[in-house]
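S.K.: Protein chains in written order, with our numbering: chain W, 1 to 358; chain F, 1 to 358; chain R, 1 to 358; chain L, 1 to 358.
Since the hints were made in silico from the structure, they are not lab data. Note that this is a predicted model, so its numbers are computed, not measured. Treat the hints with caution; some may be incorrect.
Repeated chains share a single entry, so a pair holds when one copy, or any two copies, can fit it.
[To be verified] Here are the simulated PhoX-like pairs of lysine-lysine, each with C-alpha atoms no more than 20 Å apart in a straight line: (1) K306 <-> K321; (2) K273 <-> K145; (3) K306 <-> K166; (4) K273 <-> K166; (5) K321 <-> K59; (6) K275 <-> K306; (7) K145 <-> K306; (8) K275 <-> K321; (9) K323 <-> K200; (10) K147 <-> K321.
There are 4 protein chains.
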Amino acid sequence: MGNTFGHLFKITTFGESHGPAIGVVIDGCPAGLSIDEQMITRELARRKPGQSRITTQRKESDLPEILSGVFEGYTTGSPIAILIRNTDQRSKDYSHIAEKFRPSHADYTYHAKYGQRDYRGGGRSSARETAARVAAGSVAKQFLKEKHIGIYAYVSQVGPVILEKKHTELDLKQTDQNIVRCPDPVTAEQMIEFIDKTRKNQDTVGGVITGLITGVPAGIGEPVFDKLHADLGKAMLSINAVKGFDIGSGFEGTHMHGSDHNDLFFTEDGEIKTKTNYSGGIQGGISNGQDIYFRVAFKPVATIMKDQDSVDVHGDATTVKGKGRHDPCVLPRAVPIVEAMSAIVMMDHMLLNANARI
Amino acid sequence: MGNTFGHLFKITTFGESHGPAIGVVIDGCPAGLSIDEQMITRELARRKPGQSRITTQRKESDLPEILSGVFEGYTTGSPIAILIRNTDQRSKDYSHIAEKFRPSHADYTYHAKYGQRDYRGGGRSSARETAARVAAGSVAKQFLKEKHIGIYAYVSQVGPVILEKKHTELDLKQTDQNIVRCPDPVTAEQMIEFIDKTRKNQDTVGGVITGLITGVPAGIGEPVFDKLHADLGKAMLSINAVKGFDIGSGFEGTHMHGSDHNDLFFTEDGEIKTKTNYSGGIQGGISNGQDIYFRVAFKPVATIMKDQDSVDVHGDATTVKGKGRHDPCVLPRAVPIVEAMSAIVMMDHMLLNANARI
Amino acid sequence: MGNTFGHLFKITTFGESHGPAIGVVIDGCPAGLSIDEQMITRELARRKPGQSRITTQRKESDLPEILSGVFEGYTTGSPIAILIRNTDQRSKDYSHIAEKFRPSHADYTYHAKYGQRDYRGGGRSSARETAARVAAGSVAKQFLKEKHIGIYAYVSQVGPVILEKKHTELDLKQTDQNIVRCPDPVTAEQMIEFIDKTRKNQDTVGGVITGLITGVPAGIGEPVFDKLHADLGKAMLSINAVKGFDIGSGFEGTHMHGSDHNDLFFTEDGEIKTKTNYSGGIQGGISNGQDIYFRVAFKPVATIMKDQDSVDVHGDATTVKGKGRHDPCVLPRAVPIVEAMSAIVMMDHMLLNANARI
Amino acid sequence: MGNTFGHLFKITTFGESHGPAIGVVIDGCPAGLSIDEQMITRELARRKPGQSRITTQRKESDLPEILSGVFEGYTTGSPIAILIRNTDQRSKDYSHIAEKFRPSHADYTYHAKYGQRDYRGGGRSSARETAARVAAGSVAKQFLKEKHIGIYAYVSQVGPVILEKKHTELDLKQTDQNIVRCPDPVTAEQMIEFIDKTRKNQDTVGGVITGLITGVPAGIGEPVFDKLHADLGKAMLSINAVKGFDIGSGFEGTHMHGSDHNDLFFTEDGEIKTKTNYSGGIQGGISNGQDIYFRVAFKPVATIMKDQDSVDVHGDATTVKGKGRHDPCVLPRAVPIVEAMSAIVMMDHMLLNANARI
């Protein structure tokens, strides 16, 4: 259960970290959308392990194969299946934890739920699953591009290093110009330095990614339970290692008074806008035409290179040794994942909105 | 769209603030659950307007009528419909905003989406809808009580007044002993004072509610998209005025290193536990048997008693006058709503787990 | 479970035969649809008990109350809740079967599933539930009318009395001109005579209703699992007492050769049509612009006025006495139900089609 | 849309007839189910083209590759993805119909819906899609086998050749003993003869498959919309070429009186049974412990070897020539498809029933 996301643009992912392949089936993509296969590959490359010294050194080619749903370069309305073969599995790296529960991983909880687990590299609980999301997200991005909707994400915090500038003060074209994916070069340098230091200490660190969606017309989002920001929140919280989400003024706004926080409406060039944007572009769960921005909190990666106390499947005390190839900080590689999930939610809600009025 | 929540324990709410009634239909409640109707009424009373000086003075009796699904005191497996009549509507209070968009309300976005709206008291976008959730949640609570699962929430921040104690240091039986629903009497007093001052200034204020779920066995929650905390997050973000959600260490945990943040396993009395609980009781989307705790950020209430600049449905500049009966701080009344949504998610995931293994 | 129907135009029904009320919540109806409340009442009157000598003599006023989702005569996009109070319950009529299983009713199966049941008048399994469907269907009919789609049903068989004419040879305006709802006056007379005889024998009889949907543009319906006729089939098979469904040539077509059965295309006035219509207006699950017609088989009503051997909840042999007020033939009252479910499926698939292409 | 089936045991199929591959992702299969991969291959072989002289001569190896969800021979609770590569596509066989609409195929309706189509071999509308269902069904069969539930289907009519015996009079082990899959050897011979004659006439013929499910305990199925037979009906009607479905007495029962049709209860060896079984094992949508049996009507295959009048995408008159490799009668190969869909529905409803009572 729980491997499908979306109301109308539905993605179902499958596959384990060390099985033969992972992939995604997308149902609900309208026919007639032009698909650039190279763009899917490029997006996967942004998430790919081994892309820089501050990511895991596992090497995956991550070449997507489109199995269905695209004919002569256009979607047909049929399900789009995309397959990504696993190539650099080193399953024996994991034999030492076959019977041990790694702290703050999903080993114990999967075991408790299913009575067994595919222990190789975390199996289904591995963040490798998110490659399938990135593939699906790149299809959604191609749809949104035609609607002039922009999808952005960037690293805005790594441990103690915080990017103080707002998205409105940044040049987001800079995001991919450095290996940490922070659009401010100075802060980026500090983040990289901090990750380098953390890596050398055989440790890991958490941080925050900021997401931004531009160009959304007013009126997108469903009231009550499927509010646009509620679906965005669920999308983000479903990403591995995410522990928090807020939108607009978020947790900071809780300190404010209504008279300061309310976004006053005015008209400019015949368009209704707001003077401030504490709402984060969404009011009552529905877009108001302003920028949608939000923060996603990532905990430090659970796999560290140090030995840790734990228990095994029999409940006996044991030691989990630091081994394998892992990320000291997951955030640079998580940027395309946040973007993918944003794109999937936005496209889904654009489709949902088609029947808002007769 | 978007008026149903849940995978197996499905609630569908209906009704507008100033229509004849609101209500909920629950599908998927197992047969044989003993239902205490008085408990539903009591829970509704905790959310009811007019309960103290720091809430809106609108008076609603909020008496639930069970229309179906309960026979001789037990659920039958058929849908449980609960109806709550609206009694104290003063729709004429709203005629002055029929054509105006109140700042940071959903007036404009509903208008943009639907081309029209029921403007009386916010119509469907009114927080009155949450009474239906509380009614449904009280059914879920009765189910969870039989499973020895505890559902708690309390106000942990009002504007600048922050409760510094963790849930483990508090006596949660104190929560309902004061009108602000903060279990620490001293902090409660400060919060009430701050709300009083805010009210006198014709202003409003935001804050944070902390949620807690105890007694959940390990293994509850679905992997990948329907992670337990992702569903909790969506549930909370769908509540009116909520702008943020984090679980366990949340946003604070982003500052930590993995070596500090990892929750080490140990065995006590034959049960696997963790030494710390930065995970917030959930790992890989599945419960690990420890306390599940999370924070929910509420923005300041948008309705203030001061005049505000805005635009009308024609896009012309106008002034929205401060009128009507509203809450200076929504948090005390939101505590039972957070509990209700927690209970609904937990019961839903308990049912989902029934088929985890053959 | 199982009380919601539809993909986008979703109806959830609730209520028991002898509880306080039954009703329906419709989610997904677009805003801006003009609603004629009188039409809902008129449709309910066509299904109402006590409407003629050949139906049950139970008297229900069946007056719908719209609780939400309609404002100033138009739908708002919010859920439409419609309530119908039960007024003529005689629950004591059923005390004699509280512990007995009536043959070919759902008493035993509900008991086996839920371990208990609301035995009064069949509780949730009563065909009274279908009044809620008729209310929802009348909303869908108002939508379809604006799209020039016609929804028709009529009784085409009662026991041995078979209407030999095809729908193309009939004047369907005649359907409601007689109490059995057969558009051919001569056959109608024979049917009524047969039902009268059956009633006098304290027996019941089955039959067939033919459904017809006209004016559907080509391209409506989803491929693979949610084929238009698969959803129509499920809709009809979910109606009480229905045991079969076929579309177009149906079971008769199984005797044919492909060379006779294939519907050849031709163009007339720029429109693509077929020379024959064995397909019943649907090919590959998608409408082709021709008339959609189908048959629905109803078993004889299970409640008869004769005593029958049975067992009780303890498994002991017993006799179920013929008592209560029931229909000798359910078909006249089932015509609006078949129409309602047709309308709901058609509207649902019209909405689903909105995103077929970008 | 519409490529997913099931409430809890959810299958999503993908792939086109002449694309690189077809496949299925199963979500919701409990962990711990032993999977015999050879059985999946064997079931696919029963559906495979080219298996006898009365089926199409297209050759497909139809070897399934399990990509995920099975570890060391057991399901893990993660999605089970099964891939089947297409190997014997001869897409150029279809270039002659790229712009023509084959009569009674889905060419025109797909074109009307999507504005384009993958014309090679029918693309997504090809019955090749059903191989993915058979793969998924074989997983469900392994689950049901452990629950002692039997899934059977056989050909009971080919054109005018009708098997008069009921399922209770047949030895269903004989079904696969002949190439037409009719368990009565004499009737089988007549059916084969008729198909041979039809094939030589370059024509096709329809028929009926009877399905049977044994060993289902009382209480399985959901009331109201998701009645067990409604879901079975939808499942069958979603199979290519199916035009009708009835259960138990079905269309024949419409001729009967209630006093003859009612299935009287009695107790035998402490178990509640019925003297007759006109209900077909289901009452009020829920199983009563008796055999579940139903009929599925298949129209004659639309592809014939004769030339036929039609129109092209421009609406101009044209001739569709008889070409390619096709089945004169689809029924022998449809037997495993009917079984697969029966198994999927039964397993799904077994899982749904897990939460019927607390």
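S.K.: Run through the hints listed earlier and report the numbers of any the structure violates, in increasing order.
M.R.: Structure breaks hints 2, 3, 5, 7 and 10.
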